[in-house]
Structure formats: structure tokens, C-alpha cells
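From first to last, the protein sequence lines are chains A and B.
The first sequence begins at 1 in this note's numbering and counts up one residue at a time.
The second sequence begins at 1 in this note's numbering and counts up one residue at a time.
It should be emphasised that the hints constitute simulated quantities derived from the structure, not laboratory data.
Do not take every clue at face value.
[Stated by the list, open to error] Calculated lysine-lysine pairs in the BS3-like style (CA-CA distance at most 30 Å, straight line):
1) Lys10/B / Lys42/A
2) Lys12/A / Lys13/B
3) Lys5/B / Lys12/A
4) Lys42/A / Lys61/A
5) Lys78/A / Lys37/A
6) Lys10/B / Lys247/B
7) Lys263/B / Lys84/B
8) Lys42/A / Lys289/B
9) Lys12/A / Lys14/B
10) Lys197/B / Lys37/A
11) Lys293/B / Lys14/B
12) Lys25/A / Lys5/B
13) Lys13/B / Lys263/B
14) Lys13/B / Lys289/B
15) Lys78/A / Lys263/B
[Unchecked claim] Pairwise CB distance ranges (calculated):
16) Arg285/B / Gln69/A: 52 to 62 Å
17) Pro74/A / Glu259/B: 34 to 44 Å
18) Ile166/B / Met1/A: 38 to 48 Å
19) Lys14/B / Glu72/A: 46 to 56 Å
20) Asp127/B / Arg11/A: 41 to 51 Å
21) Lys289/B / Arg11/A: 23 to 33 Å
22) Leu73/B / Arg5/A: 54 to 64 Å
23) Pro74/A / Ala362/B: 43 to 53 Å
24) Gly149/B / Asn70/A: 40 to 50 Å
25) Gln15/B / Met1/A: 30 to 40 Å
Since the model is a prediction, treat every value here as computed from it, not as a measurement.
The beta carbon of each residue, even a glycine, is placed where N, CA and C say it ideally should be.
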Amino acid sequence: MAIVRIPTPLRKLTGGAEEVQASGKSVGELIGELEKKYPGIKERICDESGSVRRFVNIFVKDEDIRFLQNLETPLGDKDEVSIVPAIAGG
Amino acid sequence: MSFVKALQCKECKKQYPKEALHVCEECFGPLEVAYDYDAIAGAISRDAIAKRAGSLWRYRELLPIDGEPTVGLHAGFTPLLRAKRLGEALGHRDLWVKNDAVSHPTQSFKDRVVAVALSKAIELGFDTVACASTGNLANSTAANAAHAGLRCYVLIPHDLEAGKVIASQVYAPHLVRINGTYDDVNRLCSEIADRHKWAFVNVNIRPYYAEGSKSYGYEIQEQLGWRTPAHVVVPMASGSLLTKIGKSIEEFTKLGLVEVRGKTRLYGAQASGCGPIAEAVLAGRDAIKPVKKPNTIAKSLAIGNPADGPYAAQAIRASGGHAAAVSDEEILDAIKLLASTEGVFTETAGGVTVAAARRLIAEGRIPADEPTVLCITGNGLKTQEPLIDALPLPPAIAPRIDEFEKVL
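So that you can see chain A by itself, here it is in the shape it has in the complex (with noise of 0.2 Å):
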């Protein structure tokens, strides 16, 4: 099981955690793991393409996934997975 971050803009959904676990071999199929036990969370974090959303920022093991294999990217047991809302900085 992967180990997942939440921000607060999805916390709704997740009861209020701050951070959950949730099993998949990659990222994609983490974040459909995510959806069967927090409906509605894809939704905010994919566009209607399945895609990443342009200002959301997905990290495995502190590396941007966009620098990995984006959705594909794999994942290993207890590694940890950031969601992290783009807009910040500058």
C-alpha cells in the first residue's frame, strides 16, 4: 500500500485525513483505487481526458511524476505519494 498525502482541497472527501493509504501498481491505477474508496476524488484530480489536471502536482517519492512516467509511473509497497495543488510560488 502505497502511502498518500491529501490536500486540504480534496480533505472533504477523504473525512478530513490528511493522509490515507491506498494500494495500485502505478499511479493511475492508485488513483482509481482512490476513487472506489473516496467517490468523487478522480474527478478532481483528473480532467474529463483521465489526464492530470494542469494545476495539480503529483509527487512519488519527492519527484514531480511529470519527470517519471506520469500516470504509468510505477509504485513500490509504502512509497509515498503527494498530491500537491499547483499554484504556489513566484
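Once you've looked at the hints, dock chain B against the given chain A.
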């Protein structure tokens, strides 16, 4: 009296109350301040503005605080210089330099955004402020927090210029250096902002903070004699300043405060070692390809994953402008050129602006006879390292007139 109606998502238009929020919970889009422009139109005029003190607060109806400003009362209203000699060097006959290298109190345009952010943070009841910074923002947040008596945390990448680090430390904030890039610092700050109830000026206070940049654009228009410029060259890090200068021109136009001579074209300037927005513009797309490891002497612009990148690219294209990504060598040449022609010593980011302008003028993108403003947003005394090799010390001589005559 407040002219702010609400916060509104720039993407899906969902409205939110005027609180410390920056992200739409529906679509993760950025929240932006929504004003009552009809009410503002009845309250603002050229005369009213012109009678006020010389600071960014002379445009207070268009800045997002509800009460009286409490922080940064002397920020902004920096000189707009007619840059005749630089113009001659670049082959341009109507060139201007907006010089925030002399902004009060910390010599960069960040004094504007911090004035607004901390005034708003106090309105919202915060006693602790914080920021993620490449240097200038840390300097300004720390200085203004000291003056306002607020607790302050600044987070910076570990490898900033010595001048920028000392110019934060001296104000005694809690300074945290991060082993990573600015983008790493930024991500960490988003996570900290989720946990600690602080006013992170460029995270949860960002919708208000970013509005402060509009004052840079208002001043350009007022100082040109209530006229819009034809062309503006803007350095880009997150891309926010460029979009807000565009917004300042739209607002003054909508309010009838300026004589409009055609659409102002916006030009974005970045370093080639970290130019994700410029590259998008040059490739004709809005989508930003983030830069993993920025590599440029223009550290204050080294944001690999720019928050407002798509909006900046869009604003440039919609205005009919363009972009340029310049090398470190061009940046150093441009810093020296601006200093030796206009007496303005800018930091590396200003070198990026001047070098980009030089290229855009040479390419004929910027016509040589239309009013063109270069945005100089920071001070060269803070980023001296890259100039040390470029400006070797001359030999010291004996204090004798014949020795002096020899080196003449």
C-alpha cells in the same frame, strides 16, 4: 470601504469568501480577487490618484484589502526613466526603464506584493507570515514583518547568492535553507501551509499578494502621462508579474483612466537555463513543460514549474507579443550595458530583461519607435557573484600623481 466582492476561480468561476484561500476545491484552479468595477469607477479618478502620496497605495481602490493599509506604506512609486542612451545602444528611439531596483524597503518589486500580502494577513488576523522565495521575496517579507511586528518564516533554496541570504537574515526571521531547487521549496511550503495556520504570502495569501504587482503596471501608465505603453518587456519566474501588468492595463483602460494607443504587447523574458514559459511561447503552445534542474545565474527567475506559466503564455500570445530566452553571457553583458548607459545597476533578472529586449529589438519584433518599457525588478548589489569574474579589480597604485598618469 472595500471594493472586493469575493475570490473567484480563474478556471471554473466558482466563488469563495474573502479568506486565506488560493486553490479552487473543485478544479484546483487559482483563485483570483473579484472587484466591483462599477463602484471603483465612481470612486477613482486621475486627480484623486495624483493627489495621493507616492506609494502603491495611491491605487488602493484596485488593491484587495478591506480597511486601511498597515504594511509597506512607502513601497512602490519608483522612477520611470527615459532610457535614451540605452535606446541608442539597442537601436530604439522610445525606450523607458521602470526601476524597482530602488523600491523601498528591500530594493525589488516584491515590496509591492508583500505590502499587500501582509496588510491582508493582518486583516485576516494572522500573527505569523511565511514565504517560499528565491531571495527577493524573503528579503521583503522578513523586512516588512520586522517592521510590522509579525513572526516570520522564510524558506529558500540552499544555493542563493550571499547578498540575498544576508539581506534576509539581518531582519532576524526564522530562515530555513532547503537542499533542493525552488520548486522543491515551493512544494514543501504548500505542505507546510496545509499544516500550520500561517499566512504564506505566496501560497494561501497568493490571490491578494499577486494583485500587488498590478501597481507596477499602474505606475508605468500614470508616469507615461496616463497613456498605455505600446510594448512591455517583463522578466518571468512564475509568470505572475507579466499577467498582472496585463491586468493593470486592462483595468485602467476599462476605468477610462488612460489614453489607449492600440493593444499593449507583452514580451516575456527568461534565461535559457530555465525558460519553460518562453519555450512554450516560442513553440506556440500554452502548456508548460517543467524544467527539472534550472541552470542559470538568474536564480531569482529559476522556477522550473511556474504556477502562472499557462496564463503568462496565453497573455503574451493574446497581446501579440513574444518571448526570448537568453544565455548567462547575454545576461552579464546586459547588466553592464544598462549600468554604463543609464546608471542603473540591476540584478541578474534585470539583465535577462535587457538582454531579451536587445534581441527582440534586433529581430524587429519590437519596433524601434514605439514607447517600450523594460521592467527592472531588482537590485544588482544583491547578486554580485556572477560579475566578479566579468569585472576584474584593476591594479592598485601608489598615491602619486605620476603613477596615476601612467594608468590614465
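Verification of the supplied hints:
Our distance criterion of 30 Å between C-alpha atoms is met by lysine 10/B and lysine 42/A, whose separation comes to about 21 Å. Between the alpha carbons of lysine 12/A and lysine 13/B the distance comes to roughly 20 Å, so the proposed pair stays at or under 30 Å and holds. Restraint check for lysine 5/B and lysine 12/A: satisfied, since their Cα atoms lie roughly 25 Å apart, inside the 30 Å limit. Note on lysine 42/A and lysine 61/A: the hinted pairing holds, with a Cα-Cα distance of about 21 Å set against a maximum of 30 Å.
About 18 Å separates the Cα atoms of lysine 78/A and lysine 37/A, which keeps this hinted pair within 30 Å; it holds. Distance restraint check for lysine 10/B and lysine 247/B: the Cα-Cα separation of roughly 13 Å lies within the 30 Å cut-off, and the hinted pair is therefore satisfied. Restraint check for lysine 263/B and lysine 84/B: the C-alpha separation of about 24 Å stays at or below 30 Å, so the hint holds. Our distance criterion of 30 Å between C-alpha atoms is met by lysine 42/A and lysine 289/B, whose separation comes to about 23 Å.
Using a Cα cut-off of 30 Å, the hinted pair lysine 12/A and lysine 14/B holds, with the two alpha carbons roughly 17 Å apart. For the proposed pair lysine 197/B and lysine 37/A, the alpha carbon gap of about 28 Å is at most 30 Å, so the pair holds. About 35 Å separates the Cα atoms of lysine 293/B and lysine 14/B, which puts this hinted pair outside 30 Å; it is violated. Under the criterion of a C-alpha separation no larger than 30 Å, the hint pairing lysine 25/A with lysine 5/B is inconsistent with the structure, at around 46 Å.
Between lysine 13/B and lysine 263/B the alpha-carbon distance is near 26 Å, which keeps this suggested pair within the 30 Å criterion. The suggested pairing of lysine 13/B with lysine 289/B holds, with an alpha-carbon distance near 26 Å, which does not exceed 30 Å. For the hint linking lysine 78/A to lysine 263/B, the alpha-carbon distance of about 54 Å lies beyond 30 Å, and the restraint is violated. The given range of 52 to 62 Å is broken by arginine 285/B and glutamine 69/A, whose C-beta atoms sit roughly 21 Å from each other.
At roughly 59 Å, the beta-carbon separation of proline 74/A and glutamate 259/B lies outside the given 34 to 44 Å, and the hint is violated. A hinted range of 38 to 48 Å for the beta carbons of isoleucine 166/B and methionine 1/A is consistent with their spacing of about 46 Å. Here the CB-CB span from lysine 14/B to glutamate 72/A is close to 31 Å, at odds with the stated 46 to 56 Å. The hint said 41 to 51 Å for the Cβ distance between aspartate 127/B and arginine 11/A, and at roughly 24 Å that hint is violated.
In this structure, lysine 289/B and arginine 11/A meet the distance hint of 23 to 33 Å, their C-beta atoms being roughly 30 Å apart. At roughly 40 Å, the beta-carbon separation of leucine 73/B and arginine 5/A lies outside the given 54 to 64 Å, and the hint is violated. In this structure the supplied range 43 to 53 Å holds for proline 74/A paired with alanine 362/B, their Cβ-Cβ distance being about 48 Å. Distance hint check: the CB atoms of glycine 149/B and asparagine 70/A are about 46 Å apart, consistent with the given range 40 to 50 Å.
Judged by the Cβ atoms, the range 30 to 40 Å given for glutamine 15/B and methionine 1/A holds: they are separated by roughly 38 Å.
Of the numbered hints listed earlier, those contradicted by the structure are 11, 12, 15, 16, 17, 19, 20 and 22.
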